[in-house]
Structures are given as structure tokens and as C-alpha cells.
Amino acid sequence: MAALGITVALLVWMATLLLISIWKHIYSSWKLPPGPFPLPIIGNLLQLDIKNIPKSFTKLAEKYGPVFTLYLGSRRVMVVHGYKPVKEVLLDYKNEFSGRGENPGFQVHKNNGVIFNNGPTWRDTRRFSLTTLRDLGMGKQGNEQRIQTEARFLLEVLRKTQGQPFDPTFVIGFAPYNVISDILFHKRFDYKDKKSLRLMSLFNENFYLLSTPWIQLYNNFPDYLQYLPGSHRKLKKNVSEIKDYALERVKDHQKSLEPSCPRGFTDTMLIEMVKEKHSADPMYTLENIAVTVADLLFAGTETTSTTLRYGLLILMKYPEIEEKLHEEIDRVIGPSRIPAVKDRLDMPYLDAVVHEIQRFIDLIPSNLLHEATQDTVFRGYVIPKGTIVIPTLDSLLYDKQEFPEPEKFKPEHFLNENGKFKYSNHFKAFSAGKRVCVGEGLARMELFLLLAAILQHFNLKSLVDPKDIDLSPIAVGFAKIPPRYKLCLIPRSKV
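Be aware that the sequence shown starts at 2, since it is given in this note's numbering, and climbs by one per residue.
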């Protein structure tokens with residue numbers, strides 16, 4: 002009888018908890034966008050494929066509409082799908098939804114920097130970073146010269162492969178790494194520099210880990226999973242090592258700082274720190290400077306590196322597209338002159354291919370998490386402060402109305418009937434609004450100039466039949482990760 006009583010009591014207790022959960026859900030969500038009913042603790046986990054959450058968002062949008070509510074664990078999330086609502090979130094409501102949703106893997110950053118910062122220093126740090134980067138030539142002629150200089154070093158290293166198979170991951174990645182290093186530290190590194198290779202290895206590994214199923218689970222249930230073994234421990238360790246490297250570089254610059262002659266971005270931030278030395282609440286601390294530098298190093302290296310690497314794989318699968326690019330490069334640039342930004346106007350096909358690579362690979366499909374900074378009425382719904390907001394970028398890049406047959410790689414998506422470049426407002430690979438990528442101009446320039454330089458001097462050769470090349474990402478989460486591969490670069494005869 003005692004056992005029966007305990008069983009009944011447990012059942013009553015569980016039923017009570019369930020009823021309370023249901024009541025709280027109904028009470029708190031009556032003005033929220035529609036969505037599937039969440040279960041206690043796990044929320045809507047069962048409605049998601051953790052191996053491809055962006056695909057799950059697309060399916061849920063088909064059922065609940067372009068704006069819907071999910072619960073990821075206990076976190077309330079508004080998912081926004083499609084051009085109009087995403088544009089509204091990023092541009093029309095750019096202040097209301099400018100917060101950054103928490104990423105547990107980057108807790109060591111403690112609301113510093115410009116990417117995962119959701120603290121009081123974010124706005125001013127970002128504004129200062131944008132201004133300083135612009136003054137240093139971000140997206141302008143100064144950076145064109147940086148990229149052209151680095152392109153020459155890259156081509157020299159590629160020639161040394163002598164047409165033999167090699168993994169392009171870190172060889173190609175060194176070019177954008179050196180460009181952003183020159184901006185940050187006024188210094189470039191040899192392609193065999195061990196510290197740089199270690200750092201790029203950490204970037205590459207983190208990009209992959211952030212896109213794995215386990216990290217998708219950990220991000221939504223950190224309180225439960227943090228004590229278990231798993232790749233979240235490796236991710237956090239890597240993030241700390243990257244931050245320590247950045248802090249070491251910042252301290253080196255601090256020791257030799259000449260305020261009258263700053264050597265790039267890091268010195269400029271350190272000069273501001275000196276100005277604030279008597280402030281009771283300084284913004285430019287060593288911690289904030291180090292995390293900002295780490296953010297820019299990571300974003301400035303890994304996204305461009307991955308896009309280039311994915312792009313080369315795509316071009317090997319479609320040799321007819323590569324051949325058209327060779328023809329355009331030979332006609333406009335010739336065999337010797339280094340590619341320049343001005344060439345873009347005369348090279349619509351390469352411009353279209355660069356855009357189509359970014360659209361097709363859909364590198365950051367669900368954007369970085371946004372957060373409501375205040376209670377907001379959006380499309381008739383009341384979105385409480387603190388709600389996570391996910392403005393999906395893949396819903397723009399794979400819009401069937403804007404890009405017919407979006408699952409196919411077609412440079413024609415960005416060409417008009419006369420073969421001229423055609424821009425699309427749906428192209429938001431760098432996001433938009435208050436949280437738009439600070440290095441968008443630099444990345445666009447790097448992709449065009451580096452791809453042009455590589456194809457100007459080399460033919461791409463796959464180790465397998467082009468039709469057997471699989472373009473499917475090996476992981477889909479934070480990013481879409483391309484498969485690892487080797488290729489041969491065959492020097493082109495002078496035209």
C-alpha cells in the first residue's frame with residue numbers, strides 16, 4: 002500500500018507540473034507567433050533535426066508561416082523566414098532586434114568584442130571598430146593593395162606545389178589571414194609560421210565544431226550538458242587559446258606603443274585605452290581589445306577561407322564554368338597584370354560566379370542569433386524582451402521565386418539577359434542592419450581578387466571525375482562545412 006501511495010503521489014506531482022507547464026505556455030504565448038507546442042524542459046527539440054536545423058526551420062515555416070515561435074530548451078525563439086519578414090527584422094526593426102543571443106561556447110569572451118557581445122560595450126566597440134577599419138582602408142584602395150600583395154605571395158606558394166595534389170585548407174586560408182593580420186597588427190606571416198598555422202587550425206576546428214549536432218544540443222541545454230564529456234569542452238578550450246593568443250599580441254603592441262604613430266587597428270584601440278586610464282568605467286580594457294582582435298581574426302580568416310575553398314571545389318565539378326572564367330580573365334586582365342577591383346565592372350561573369358558561390362554554399366544559413374532588446378510589437382505579435390530572434394538567411398538565398406532552381410549552381414542567377422551582372426536584394430550572405438558583418442567590403446574584395454588571381458595562373462584539376470565530386474556539406478549547423486579534398490593546380494601557358 003505504501004508503494005502504491007508513493008506511485009500515486011508521484012503521478013499527481015508529475016501531472017501537476019505538466020498542467021503548470023501547459024498553463025504557463027498558454028498564458029505567456031497568447032500574443033506570440035504560432036508554433037508547435039513545447040514539452041517541459043526539452044521544448045521543441047523533437048520537431049528539429051539536430052543534424053540540419055536550418056532544414057527543420059524551412060519545414061516548420063511551411064506549416065506555421067513565415068514568423069513562428071519555438072522553444073529551444075527553455076529559450077523562447079522567434080524564427081523569421083522569407084525575404085519580407087527577414088528584411089523587416091534586420092532593417093526596419095534593426096534597433097529592437099539588435100541584441101545578440103547567447104552562445105555558451107564563447108562565455109569566456111564575457112560580453113566583449115564585436116561578434117558575440119550582448120553587453121553595454123557592444124554598440125560603442127562596434128562603432129569604433131567600423132570607423133577605425135574604414136580609416137585603415139577597409140573596403141577601399143588600401144585594402145586592395147594589401148590583397149594584391151598577398152595574392153603574389155599566395156601564387157608563389159601555389160607554384161611550389163608543382164601540379165601535385167595538396168589540401169588547400171591552410172594554404173588558401175593564409176591569404177585572408179595575412180590580410181586581416183596586416184590590418185590588425187601591421188604584420189604578415191610566412192606561410193610556414195607555426196603559431197599562425199596553429200591559430201588557423203583552431204579557427205577551422207571551431208567552425209566545424211559549431212556546426213555539429215552535439216554543439217547544437219549544448220547551445221540549447223548548457224546547464225544540463227556542461228558537466229558531461231563532449232566537444233563543447235574542446236570548443237571552449239580552443240576559444241580560450243585564441244583569446245590568449247590575441248591578448249599576447251595586444252600586450253606586445255602595448256609595450257612598444259607610439260601614440261603618434263599607430264601600427265594598425267590594435268594600436269588605435271590601445272591609444273583609446275590610454276585616453277581612458279582615469280575613467281571609472283573604461284570601455285577599452287585589455288580584455289575587450291583582445292576579444293575584439295580575436296573576433297576580427299576569426300571572422301576575417303575563416304569565412305573567406307571556407308568560401309574560397311568551397312568555390313574551388315564547385316569549379317572543379319563544373320569545368321565548363323571554369324573555362325568561361327579563364328576566357329574572361331584572359332580577355333580583361335591578361336596573363337601578367339595582377340587583378341584589380343576596377344576589373345569587376347568588365348568581368349560580369351566572374352562577379353556572378355563569386356556571388357553564386359556565396360549564395361549556393363549558404364555559409365551561415367540561420368544567421369547569428371539576434372535578441373529582442375525590448376518588448377516589441379512585430380506584425381501584430383508581442384515579442385517580449387530577451388526573446389531569441391533567428392532571421393534565416395537561407396530563406397533568402399534559396400528563394401525559388403528570386404533564384405529559379407536554387408539547389409543548382411547557376412551563375413545566371415546573377416546575370417541579366419544581356420550577360421551583365423544583376424544584383425539581387427535577396428543576396429544577404431553577410432546579413433544586414435546593426436549586426437551586419439563588419440568586414441563585408443573586405444571579404445567581397447578578397448573573394449574577387451584572390452579567385453581571379455588563382456584562375457589567371459592555374460587550371461584546376463580534381464583527383465576524381467568531376468561528376469563524382471560531392472558538394473554536400475559534411476556538417477550543417479552554425480555553418481555549412483565543405484568536405485575536405487585535395488586538388489592539383491596546373492600552371493597555365495602564357496596567353
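In case anyone wonders, no lab produced these hints; they're calculated from the structure.
Values in this document were obtained by computation on a predicted structure and should not be read as measured data.
Warning: the hint list may mix true and false statements.
[To be verified] With beta-carbon atoms standing in for the labels, derived distance ranges:
| hint | residue 1 | residue 2 | range |
| --- | --- | --- | --- |
| 1 | Gly335 | Glu413 | 21 to 31 Å |
| 2 | Gln163 | Asp93 | 47 to 57 Å |
| 3 | Ala281 | Leu258 | 14 to 24 Å |
Glycine included, each C-beta is placed from N, C-alpha and C at the ideal position.
Now for the hints, and whether the structure bears them out:
Take glycine 335 and glutamate 413: their Cβ atoms lie about 26 Å apart, and the range 21 to 31 Å holds. Roughly 54 Å separates the CB atoms of glutamine 163 and aspartate 93, a value that falls within the hinted 47 to 57 Å. The hint said 14 to 24 Å for the Cβ distance between alanine 281 and leucine 258, and at roughly 23 Å that hint holds.
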